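These protein sequence lines map, in sequence, to chains S and L.
Mind the numbering: the first sequence is residues -3 to 110 in the numbering used here, read in order.
Mind the numbering: the second sequence is residues 206 to 314 in the numbering used here, read in order.
I should point out that these hints are in silico values taken from the structure, not numbers from a laboratory.
Be a bit skeptical, because a hint or two may be false.
[Stated by the list, open to error] Derived DSS-like pairs: lysine-lysine, alpha-carbon spacing no greater than 27 Å straight-line:
no. : chain 1 : residue 1 : chain 2 : residue 2
1   : L       : Lys301    : S       : Lys49
2   : L       : Lys275    : S       : Lys53
3   : S       : Lys53     : S       : Lys7
4   : S       : Lys66     : L       : Lys301
5   : L       : Lys262    : L       : Lys275
6   : S       : Lys53     : S       : Lys66
7   : S       : Lys53     : L       : Lys301
8   : L       : Lys275    : L       : Lys264
Everything numeric in this text was worked out from a predicted model, so none of it was measured.
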Amino acid sequence: DAGITQSPRHKVTETGTPVTLRCHQTENHRYMYWYRQDPGHGLRLIHYSYGVKDTDKGEVSDGYSVSRSKTEDFLLTLESATSSQTSVYFCAISPLGTGIYEQYFGPGTRLTVT
Amino acid sequence: TQLLEQSPQFLSIQEGENLTVYCNSSSVFSSLQWYRQEPGEGPVLLVTVVTGGEVKKLKRLTFQFGDARKDSSLHITAAQPGDTGLYLCAGEYGNKLVFGAGTMLRVKS
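Only chain S is shown next, with the shape it has when bound in the complex (with noise of 0.2 Å):
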């Protein structure tokens, strides 16, 4: 299994508080990502990164920043959080440069905003 861990894995939250979810990968890949889960939507991406303070915005960012000052950490920040932002999180890590594109998840961190 590919080293990747999130933390935390729960965490309850309220309306307009700043929320930040961290990724740690102990495989030295270039790529990492954030996803969120919703029913009926599947993985949606929010941001990723390819390489030490390089980011670029997914398809669900507004609301959301990253930051990524070392390889193997890439840091999601909710600004203010609200209730839309309930999901699970995915954290992904990719070997990209390999020549085939693969991506392999974290365990999640399941965020509540009450």
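Here the structure of chain S is known, so what remains is to put chain L in place on it, guided by the hints.
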């Protein structure tokens, strides 16, 4: 925006039956991947198909990539309760993946 549509959304079958899950798009993808996800866990990669018309087998699972690289199918022979899970297809474009909404499979013993 590339879209992947999966069908059926839900499938409940008896152990031993065969089934096929479909993944369709109007877009061409460089490659297509299938993942399986169990409750409370992240998706796990099953297979990647790259060449149009390619067929790959993984024990009782057969994956096919359409000739035009716009669609794919997953066929399971003699389904078992351990096959229960959410099956997701994902198409590669550039350095990102776009995911279908998934097919939730339940195999009853």
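Handout entry: 27 Å Cα cutoff - pair Lys53 (chain S), Lys301 (chain L)
Key = Given pair Lys53 (chain S), Lys301 (chain L) holds - Cα atoms ~11 Å apart, limit 27 Å.
Practice task
Decide if the proposed pair is consistent with the structure: Lys66 (chain S) and Lys301 (chain L), CA atoms, cutoff 27 Å inclusive.
Solution key: With a Cα-Cα distance of about 21 Å, the restraint between Lys66 (chain S) and Lys301 (chain L) holds, given a limit of 27 Å.
Handout entry: Hint consistency between Lys53 (chain S) and Lys7 (chain S) [alpha-carbon to alpha-carbon, up to 27 Å]
Key = holds, 24 Å
Handout entry: Lys275 (chain L) paired with Lys264 (chain L) [C-alpha distance capped at 27 Å]
Key = Distance of about 25 Å is within 27 Å: holds.
Handout entry: Satisfaction of hint between Lys66 (chain S) and Lys53 (chain S), Cα-Cα up to 27 Å
Key = Holds, at roughly 19 Å.
Problem - Hinted pair Lys301 (chain L) and Lys49 (chain S), Cα distance within 27 Å - result: With a Cα-Cα distance of about 18 Å, the restraint between Lys301 (chain L) and Lys49 (chain S) holds, given a limit of 27 Å.
Exercise for the section: Verify the proposed pairing of Lys275 (chain L) with Lys53 (chain S), using a straight-line Cα cut of 27 Å. Expected result: holds, 25 Å
Exercise for the section: For the pair supplied as a hint, Lys262 (chain L) and Lys275 (chain L), confirm whether the alpha-carbon distance does not exceed 27 Å. Expected result: Since the Cα atoms of Lys262 (chain L) and Lys275 (chain L) sit roughly 19 Å apart, the hinted pair holds (cutoff 27 Å).
In this structure, every one of the numbered hints holds.
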